[in-house]
Amino acid sequence: MRPVQSGLKVITALRFNSKLLIAIAILILLFLIPTFVSSSYYLRITINMLYMIMLVAGFRLALSGGVFTMAPQVFFGIGAYTLALFVTRLNWNWWLSALLAGVFAAASAAIIGRILLRLKGIFFAISTLAFAFVLLLIWRTFPFFGRFSGIFDIPAPNTIFGLEFGSLVSYFYLALVLAVITMLVMYRIEKSRFGFMLRCIGLNADLARSSGVNVMLYSIAAFYIGCFFAGIAGAFFASYQGSIQPASFEFNVLMLILLYAVIGGVHSVWGPVYGVVIMTAITTGLTYIPHYDPKIGPIILGVTLIVVMLRFPRGISSLLESIPGWFRKASRKKDNEPYGNTSS
Amino acid sequence: MAQIIANGIMLSFLFVLFALGLSLIFGIMRVINFAHGEVYMLGAYGVWLFTDILNLNFFLGMVISMLAVGLLWVILERFILKPFRGNLLPAAIVTLGLLWIFQATMLVTAGSANKSVDFPQIFQGTVSLAGATLSLERICTIVIGVILTVALLLFLSKAKAGRAMRAATQNPDAARLMGVNIDLMSSLAIGISCALAAAGGVLAGGLFYINPYMGGPQLLMGFVIIIIGGLGSIPGTIIAAFIVGFINSITTSYLGSNYAGMLVFLAAIVVLLIRPKGLLGIEEM
Chain E
166 MRPVQSGLKV
176 ITALRFNSKL
186 LIAIAILILL
196 FLIPTFVSSS
206 YYLRITINML
216 YMIMLVAGFR
226 LALSGGVFTM
236 APQVFFGIGA
246 YTLALFVTRL
256 NWNWWLSALL
266 AGVFAAASAA
276 IIGRILLRLK
286 GIFFAISTLA
296 FAFVLLLIWR
306 TFPFFGRFSG
316 IFDIPAPNTI
326 FGLEFGSLVS
336 YFYLALVLAV
346 ITMLVMYRIE
356 KSRFGFMLRC
366 IGLNADLARS
376 SGVNVMLYSI
386 AAFYIGCFFA
396 GIAGAFFASY
406 QGSIQPASFE
416 FNVLMLILLY
426 AVIGGVHSVW
436 GPVYGVVIMT
446 AITTGLTYIP
456 HYDPKIGPII
466 LGVTLIVVML
476 RFPRGISSLL
486 ESIPGWFRKA
496 SRKKDNEPYG
506 NTSS
Chain C
6 MAQIIANGIM
16 LSFLFVLFAL
26 GLSLIFGIMR
36 VINFAHGEVY
46 MLGAYGVWLF
56 TDILNLNFFL
66 GMVISMLAVG
76 LLWVILERFI
86 LKPFRGNLLP
96 AAIVTLGLLW
106 IFQATMLVTA
116 GSANKSVDFP
126 QIFQGTVSLA
136 GATLSLERIC
146 TIVIGVILTV
156 ALLLFLSKAK
166 AGRAMRAATQ
176 NPDAARLMGV
186 NIDLMSSLAI
196 GISCALAAAG
206 GVLAGGLFYI
216 NPYMGGPQLL
226 MGFVIIIIGG
236 LGSIPGTIIA
246 AFIVGFINSI
256 TTSYLGSNYA
266 GMLVFLAAIV
276 VLLIRPKGLL
286 GIEEM
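For the protein sequence lines, the chains are E and C, in the order given.
Residue numbering for the first sequence follows our numbering, starting at 166 and increasing by one per position.
Residue numbering for the second sequence follows our numbering, starting at 6 and increasing by one per position.
Source of the hints: derived by calculation from the structure; they are not laboratory data.
For each residue, glycine too, the CB sits at the ideal point set by N, CA and C.
A hint or two may mislead.
Claimed, not checked - Pairwise CB distance ranges, derived in the manner of DEER restraints: (1) Ala118/C / Phe317/E: 41 to 51 Å; (2) Thr114/C / Arg209/E: 27 to 37 Å; (3) Leu484/E / Pro88/C: 52 to 62 Å; (4) Lys356/E / Arg280/C: 32 to 42 Å; (5) Phe84/C / Leu484/E: 19 to 29 Å; (6) Gln175/C / Asp458/E: 39 to 49 Å; (7) Gly331/E / Thr114/C: 51 to 61 Å; (8) Asp458/E / Leu260/C: 48 to 58 Å; (9) Arg209/E / Pro88/C: 45 to 55 Å; (10) Asn119/C / Pro459/E: 34 to 44 Å.
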């Protein structure tokens with residue numbers, strides 16, 4: 166095919182694909198954020214949102230295949246500790262260590278998954294929670310991991326392709342690129358045969374197994390990919406914070422991930438984005454109330470979580486995605502269980 | 006050595022009181038209560054409120070605390086947990102929300118500082134027994150633990166309501182056809198379970214410290230006990246509670262409490278690898 170023709174083809178494809186145009190417009194807007202957000206406070210909040218989106222998206226991918234893990238925060242921690250140890254103790258290249266952080270988190274997920282995934286749904290969740298506690302204990306106990314004070318002086322990423330890192334804006338662009346890559350991968354998976362298999366397993370694992378789906382393989386793969394992105398997010402986090410402590414990977418991080426995932430809606434690939442953006446907007450807005458005590462934040466979040474579970478179990482994405490349907494007469498109603506068939 | 010054994014028995018009974026409730030709630034409602042550690046914490050704060058602030062007798066405070074916490078959870082079950090019965094993952098998320106709410110509430114109202122309550126004067130001494138010095142508080146804890154456990158076992162095996170409850174655990178549909186009121190049984194089960202966990206919290210409050218985060222480690226131990234013992238099996242839960250209690254007391258005195266957590270988890274992994282349904286579990290998890 167001649168280049169002119171293929172170019173024309175791309176242009177016509179763009180013209181008719183309004184969704185793609187909107188996506189590109191949003192992407193350009195996102196890349197322009199630092200030009201109109203000058204306060205470092207808001208830039209930091211945006212960076213937090215971006216790495217949280219990576220964590221929640223990985224968690225949701227596993228959950229869509231019926232793998233309810235309660236340890237995403239420690240896989241995030243495994244990534245952070247791997248990067249910190251390789252960069253500070255062995256002086257490795259940052260990018261190589263970051264990749265290794267993801268691979269290491271994913272490899273531990275594969276091992277843990279192989280042992281624990283013989284348990285169904287909630288029992289797997291409980292045992293991953295126990296695993297998380299043990300890992301936190303190890304980080305707190307052994308001097309190799311720096312005990313309670315953790316690891317300090319984690320350097321910024323090395324210069325790559327002439328790009329220098331270290332400023333807040335550079336961290337923003339790094340986080341944005343990582344989050345966009347994560348969401349693109351999640352979107353591709355959702356549309357692929359693999360994503361379809363995962364949804365089948367999430368709906369009814371026994372039926373999927375009897376139809377010849379290798380449930381164990383797909384479940385571990387989903388867990389593995391989710392943890393890979395959690396590990397990469399952890400590597401970013403370690404450098405962005407400059408130091409890591411076991412306290413950064415405690416139970417409250419899991420609670421935030423769960424909250425974002427549930428409020429965003431676990432059946433939609435964009436749910437994590439909605440959940441993180443909306444809940445961050447709410448929690449940031451709350452701090453503007455005069456005499457607001459940050460200690461009551463968890464109460465408000467807990468009540469929100471329960472109300473959403475009781476009233477909108479499919480999350481905010483179901484509300485957002487139903488909006489186009491309001492303008493059409495008969496919209497097709499997609500109805501499946503958001504959490505799969507988990508009753509025993 | 007006798008010291009370690011006595012500590013092991015005491016810890017085991019605290020675990021029994023906690024894990025039996027977790028198992029009972031699961032058996033009837035098919036719900037895992039992630040806020041069970043907060044039930045334990047609320048029980049401890051209840052007795053602190055009644056004895057330190059309102060100056061009531063410790064045991065009276067304990068009974069009131071058990072009743073109050075039990076009633077609170079019967080109400081919560083009716084309005085929040087009922088729609089999620091039998092639907093494990095959403096129920097887990099909702100109870101995690103409750104965990105968050107209770108922890109933050111206690112942090113705001115009572116503060117993060119450690120609180121302590123004392124057993125009554127007559128239990129404040131020590132006795133020497135087989136070469137070990139045991140505080141009377143610990144003996145009192147063991148006695149209360151035995152009384153409550155035996156009372157629950159008798160209730161489940163002899164009383165009509167208890168037998169109906171076991172029937173509902175085994176087969177909810179068949180039990181309903183036989184005229185067992187499942188809603189009533191669920192309320193009763195969650196009331197009893199939470200009262201027992203609250204009693205555990207009260208005793209732990211008398212022995213150790215009370216703070217808003219005390220439920221977390223207890224919840225983890227409760228889960229490990231359930232994994233080892235097999236979910237829904239009462240004898241399995243009791244045996245597993247003793248295993249975990251003794252691992253805890255032995256490792257803590259020789260190596261330190263951090264290693265106890267690791268070892269207990271390893272024990273759970275070994276059980277899972279050899280026997281995925283737990284020691285005495287009936288149902289594949």
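*Return holds or violated for the Cβ distance of Asp458/E and Leu260/C against the range 48 to 58 Å.*
Violated, at about 40 Å.
*C-beta pair Lys356/E, Arg280/C: status relative to the range 32 to 42 Å that was hinted*: Roughly 41 Å apart at Cβ, these two residues keep to the hinted range, so it holds.
*asked:* Tell me if the beta carbons of Gly331/E and Thr114/C are separated by a distance inside 51 to 61 Å.
replied: Since Gly331/E and Thr114/C have Cβ atoms about 44 Å apart, the given range 51 to 61 Å is violated.
*Is 41 to 51 Å a correct range for the gap between the Cβ atoms of Ala118/C and Phe317/E?*
Given a distance of about 30 Å, which is not inside 41 to 51 Å, the answer is violated.
*Outcome for the supplied range 39 to 49 Å, where the beta carbon pair is Gln175/C and Asp458/E*: holds, 48 Å
*Using the beta carbons of Arg209/E and Pro88/C, state whether their distance is inside 45 to 55 Å or not.*
violated, 39 Å
*Consistency of beta-carbon spacing, Leu484/E to Phe84/C, with hint 19 to 29 Å*: With a Cβ separation near 24 Å, Phe84/C and Leu484/E satisfy 19 to 29 Å, so the hint holds.
*Hint check for Pro459/E and Asn119/C - Cβ pair distance inside 34 to 44 Å*: For Pro459/E against Asn119/C, whose Cβ atoms are near 21 Å apart, the range 34 to 44 Å is violated.
*Do the beta carbons of Thr114/C and Arg209/E sit within 27 to 37 Å of each other?*
holds, 31 Å
*Could you say whether the range 52 to 62 Å given as a hint is met by the Cβ separation of Leu484/E and Pro88/C?*
violated, 19 Å
Checked against the numbered hints above, the structure breaks hints 1, 3, 7, 8, 9 and 10 and satisfies the rest.
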